[in-house]
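There are 2 protein chains.
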Amino acid sequence: MAIVTFRSESILREGLSVENRAGKFTVLMDEPETLRGTDTGMNPVEMLLCCLGACQCIVARLFARARKIQVQDFRVELEGDLDPDGFLRGRDGVRAGLQEIRYTVHIRTDADEEKVREFIEFVKSRCPVNDSLLGHVPIVQKGIVIDK
Amino acid sequence: MAIVTFRSESILREGLSVENRAGKFTVLMDEPETLRGTDTGMNPVEMLLCCLGACQCIVARLFARARKIQVQDFRVELEGDLDPDGFLRGRDGVRAGLQEIRYTVHIRTDADEEKVREFIEFVKSRCPVNDSLLGHVPIVQKGIVIDK
Numbered sequence: 001m002a003i004v005t006f007r008s009e010s011i012l013r014e015g016l017s018v019e020n021r022a023g024k025f026t027v028l029m030d031e032p033e034t035l036r037g038t039d040t041g042m043n044p045v046e047m048l049l050c051c052l053g054a055c056q057c058i059v060a061r062l063f064a065r066a067r068k069i070q071v072q073d074f075r076v077e078l079e080g081d082l083d084p085d086g087f088l089r090g091r092d093g094v095r096a097g098l099q100e101i102r103y104t105v106h107i108r109t110d111a112d113e114e115k116v117r118e119f120i121e122f123v124k125s126r127c128p129v130n131d132s133l134l135g136h137v138p139i140v141q142k143g144i145v146i147d148k
Numbered sequence: 149m150a151i152v153t154f155r156s157e158s159i160l161r162e163g164l165s166v167e168n169r170a171g172k173f174t175v176l177m178d179e180p181e182t183l184r185g186t187d188t189g190m191n192p193v194e195m196l197l198c199c200l201g202a203c204q205c206i207v208a209r210l211f212a213r214a215r216k217i218q219v220q221d222f223r224v225e226l227e228g229d230l231d232p233d234g235f236l237r238g239r240d241g242v243r244a245g246l247q248e249i250r251y252t253v254h255i256r257t258d259a260d261e262e263k264v265r266e267f268i269e270f271v272k273s274r275c276p277v278n279d280s281l282l283g284h285v286p287i288v289q290k291g292i293v294i295d296k
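Chains as they are written, first to last, in our numbering: chain A, 1 to 148; chain B, 149 to 296.
Please keep in mind that the hints were generated in silico from the structure rather than gathered at the bench. You may find that some hints are simply not true.
Said to hold, decoys possible - Below 20 Å or equal to it, Euclidean Cα-Cα: the simulated SDA-like pairs (lysine to any residue) are:
#	chain 1	residue 1	chain 2	residue 2
1	A	Lys124	B	Lys290
2	A	Lys115	A	Ile144
3	B	Lys290	A	Thr5
Every value quoted in this text rests on a predicted model; they were computed, and no experiment measured them.
Starting from the given sequences, assemble the full structure and let the hints guide the process.
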């Protein structure tokens with residue numbers, strides 16, 4: 001299959017607000033007032049967490065049938081730690097980026113636990129955003145919650 | 149300074165659409181119809197590119213004064229390549245994530261070229277999303293366009 005190239009554009013607007021475009025969509029990002037922004041949208045780090053969660057959701061839906069698992073609900077809770085000493089102050093030895101990403105998957109399914117664990121592992125392995133983040137940031141799967 | 153923890157949640161909705169929440173904000177992500185989605189929002193890979201662009205815009209604004217450069221406009225164009233053989237087919241040796249990210253910075257400023265290059269390099273080094281992506285994905289700065 002041919003390689004697909006995605007494109008986007010980010011334009012700095014008033015203060016710290018940024019207009020982001022891809023295809024026909026526009027999404028604002030900004031910072032909260034505590035970070036000198038005007039709080040008109042998520043900040044890029046929150047959105048990065050959302051990308052990781054959304055990508056896993058989509059991969060789960062795309063492959064559930066092929067992996068022979070019924071998925072009624074799928075939800076990912078995420079958190080990421082940022083050390084302002086790196087980002088704002090540039091202190092030696094402190095990274096500017098996320099120190100760690102943690103996430104918990106919530107899934108509603110009748111499948112047994114082993115099957116669920118295998119499926120979540122598969123989802124992670126095929127998730128483009130997860131793969132793109134591998135390297136610098138430890139990504140910790142805190143747990144899987146199975147709702148029946 | 150204390151470490152800041154950001155939180156988000158991604159919930160699979162109809163088809164491939166995903167509702168993403170962080171703080172008071174909600175953003176939909178989806179896939180185009182060619183990828184079996186319903187095209188109600190950017191996909192997670194497009195949004196990931198936006199995160200990188202927006203983060204650089206915000207860092208540029210935050211530090212322009214301290215770096216003694218006037219920034220009238222700042223805009224980032226980005227592209228990223230995905231190989232469906234990795235993501236959809238899981239072919240051995242083909243990564244599921246982005247093969248490469250490329251970006252071009254457009255800046256309107258009266259500063260000279262050397263000052264601009266130094267500033268863009270500084271922005272990259274302090275950008276939390278850029279730092280978080282380091283490792284697996286080659287991130288190529290294609291160029292800097294200076295508008296006077």
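Consistency of the hints with the structure:
no.: 1; hint: A/Lys124 to B/Lys290; result: 30 Å, violated
no.: 2; hint: A/Lys115 to A/Ile144; result: 12 Å, holds
no.: 3; hint: B/Lys290 to A/Thr5; result: 15 Å, holds
Against the hints set out earlier in the document, a violation occurs for number 1 only.
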